[in-house]
Amino acid sequence: MPIDSATIKAVTASLYERSLKKIPDDTRVVLARAGEAETNTTARRTFTMMLESADTAASKGQLICSDVGIPTYSIKIGTRVRFNGPVRQAITDGFAELAANIDPPILKMVTHPLTHERSYAGKDIPIVSFDVIDDADYMDIVCAPKAMGTGRWEAVEAFVYPTEEDVEKYVLDVVLRAGSQPCLPIVVGVGIGGTFDQATRLAKEAVLRPHGKPQPDPQLARMEKNLLDAINQMGFGAMGTGGDTSAMAVNIDYSASHGFVPVAVCFNCWINRRTAARIHGDGRVEMLYE
Amino acid sequence: MKPMSHFHELTLPLSEAQARELRVGDMVTMTGPVTVSIGIPTHKRMAEAAHAGTALPVDIRGGAFFHLSTYVREQNGISQPLYLNPSTSTRYNAWMPDIVRGLGPRLVGGKGGLDSESVAALRECGCVYLSFLGGGSPLLSRALRGVRSSHWNEYISQFRLLTLDVEALGPATVSIDAHGRSAYDDLGDQARARMPEILARLKQGRQTS
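Heads up: the sequence lines are chains A and B, in that order. 144 is the number of the first residue of the first sequence in the working numbering; add one for each residue after it. 85 is the number of the first residue of the second sequence in the working numbering; add one for each residue after it.
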């Protein structure tokens, strides 16, 4: 049975709305734990407010943040999947329908990069990346509304035969430059190697990794842990007004590379917007995480 | 020793003395009219008015001007603000000193702070910067009581010069006070000062594995 365009359209819209109105369950656990361990009074209070804000949004169907960002989707399609209509257009239509109907109405955030004109739609919006999964009869859709609070501080730089130390220092430099300005605590995604585009894509996929998913590479696992400790020693704290937890996680991935090695660093803010669903070949929709 | 953090329930407008009483780390709620906008064109226009000495369509002297965005629903002739949430303030750095000096607010705010030129203007004029919870829309929106006025309506909703009536808006954290102290500068300095130690610890981590 082929996957229907209408299903893709509905899932596109639904994932975006869920991303805006509820923080991921795993993220709530991490924030609650950080709040309990916090020694700074203001930050402790901030964590309590964060949880109350997230819980209120989820129970009352409210937006957690008014900056609903621009829509981004990462899609992986099983090679055994068949479609009975357009896929890219279904995603565009799904987002357009959501923007027209969501309650409460969302603000216009899609911005022409040169004229700065704002809208709910624009060239290449939603931003979508596609990949395939060999021999699978389902497609996975990850949705991540992306806003300026973290987006403006992300960076990529090419190194030549970098050491582990070079990479770690660069990650800390990018975090230090962002300082108090993103809505902390953030998740930090790091992509090492490949090519320019591959490094940024790795960083993006890493930042969206669910909490607690094990890092199988022991060297990366050690870097993740040590960098997380390092960032939290900086002291920026919840909402950047001082405290013990500035980052919830550091997630790293790499691709084989040439002697030139791009390193990309990206962030997700404390509400950590990410949702994912699987559409099975028989049309069933399964939430992977939210 | 850390100074005590105080909680203030403020009613707007404020006197200079009231603004100068507020210290970094204090928390506040606000009741009264607050003017909000997150538009860069709005800030340019406000700064130009401040510079030229022309009056804004709404007087923010003694009041509050925040980088908060809202959606106003227009239905049956009634304007209803649906939610309220902060935006990153540093992108308005270029215009905030003129706005603070020329238009005389006692409270500004958003999230993430302002640069040193703004800190100087706040100190000089007796105005403080407040940090609101980003992603705090469900909490901050409880304070909304209505729209007092809306100007420059040719802009999209969040760019307008909008004055809202709020009751107990907050709590927000005083993060730059009217005495030249900025939590952001302090924390940036502290993080940079800690870097040698942090890098040494990372080095140790690489060697012990």
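No lab work stands behind these hints: they were computed from the structure. For every residue, glycine included, the Cβ atom is placed at its ideal position computed from N, Cα and C. Each hint should be verified, as a subset may be incorrect.
What the hints assert, rightly or not - Derived CB-CB ranges, DEER-like:
| hint | chain 1 | residue 1 | chain 2 | residue 2 | range |
| --- | --- | --- | --- | --- | --- |
| 1 | B | E158 | A | S262 | 15 to 23 angstroms |
| 2 | B | R157 | A | G265 | 21 to 29 angstroms |
| 3 | A | R320 | B | P125 | 38 to 46 angstroms |
| 4 | B | Q164 | A | A399 | 49 to 57 angstroms |
| 5 | A | A298 | B | E93 | 25 to 33 angstroms |
| 6 | A | P353 | B | H135 | 30 to 38 angstroms |
| 7 | A | H259 | B | Q274 | 44 to 52 angstroms |
| 8 | B | E93 | A | F339 | 27 to 35 angstroms |
| 9 | B | P141 | A | K312 | 49 to 57 angstroms |
| 10 | A | F226 | B | Q164 | 49 to 57 angstroms |
| 11 | A | V428 | B | Q274 | 44 to 52 angstroms |
| 12 | A | K203 | B | K287 | 30 to 38 angstroms |
What the hints assert, rightly or not - Below, simulated DSS-like cross-link-like pairs (lysine-lysine); rule was C-alpha separation at most 30 angstroms, straight line:
| hint | chain 1 | residue 1 | chain 2 | residue 2 |
| --- | --- | --- | --- | --- |
| 13 | B | K287 | A | K368 |
| 14 | A | K251 | B | K128 |
| 15 | A | K203 | A | K266 |
| 16 | A | K251 | A | K312 |
| 17 | B | K287 | A | K356 |
| 18 | A | K219 | A | K251 |
| 19 | A | K312 | A | K164 |
| 20 | B | K287 | A | K266 |
Could you say whether the range 27 to 35 angstroms given as a hint is met by the Cβ separation of E93 of chain B and F339 of chain A?
-> Violated: the Cβ-Cβ distance is about 53 angstroms, outside 27 to 35 angstroms.
Evaluate the given range 15 to 23 angstroms for the C-beta pair formed by E158 of chain B and S262 of chain A.
-> Given range 15 to 23 angstroms: holds, Cβ gap about 19 angstroms.
Whether the CB-CB distance between A298 of chain A and E93 of chain B falls inside 25 to 33 angstroms | Given range 25 to 33 angstroms: violated, Cβ gap about 42 angstroms.
Could you see if the CB distance from F226 of chain A to Q164 of chain B stays within 49 to 57 angstroms?
-> violated, 42 angstroms
Sort out whether K128 of chain B lies within 30 angstroms of K251 of chain A, counting only the CA atoms.
-> holds, 20 angstroms
Does the Cβ-Cβ separation between Q164 of chain B and A399 of chain A fall within 49 to 57 angstroms?
-> With a Cβ separation near 56 angstroms, Q164 of chain B and A399 of chain A satisfy 49 to 57 angstroms, so the hint holds.
Can the suggested window of 49 to 57 angstroms be confirmed for the beta-carbon pair P141 of chain B and K312 of chain A?
-> Between P141 of chain B and K312 of chain A, where Cβ atoms are some 50 angstroms apart, the hint holds.
Starting from the range 44 to 52 angstroms, see whether the pair V428 of chain A and Q274 of chain B falls in it by beta-carbon distance.
-> holds, 48 angstroms
Sort out whether K356 of chain A lies within 30 angstroms of K287 of chain B, counting only the CA atoms.
-> Roughly 26 angstroms separates the two Cα atoms, so the pair holds.
That 38 to 46 angstroms hint for R320 of chain A and P125 of chain B (C-beta), does it hold up?
-> Taking Cβ atoms as reference, R320 of chain A and P125 of chain B lie about 27 angstroms apart, which means the hint is violated.
Below or equal to 30 angstroms on CA atoms is what counts here, so check K312 of chain A against K164 of chain A.
-> violated, 35 angstroms
Honestly, do R157 of chain B and G265 of chain A meet the 21 to 29 angstroms range at C-beta?
-> holds, 24 angstroms
Checked against the numbered hints above, the structure violates hints 3, 5, 6, 7, 8, 10, 12, 15, 16, 19, 20; every other hint is satisfied.
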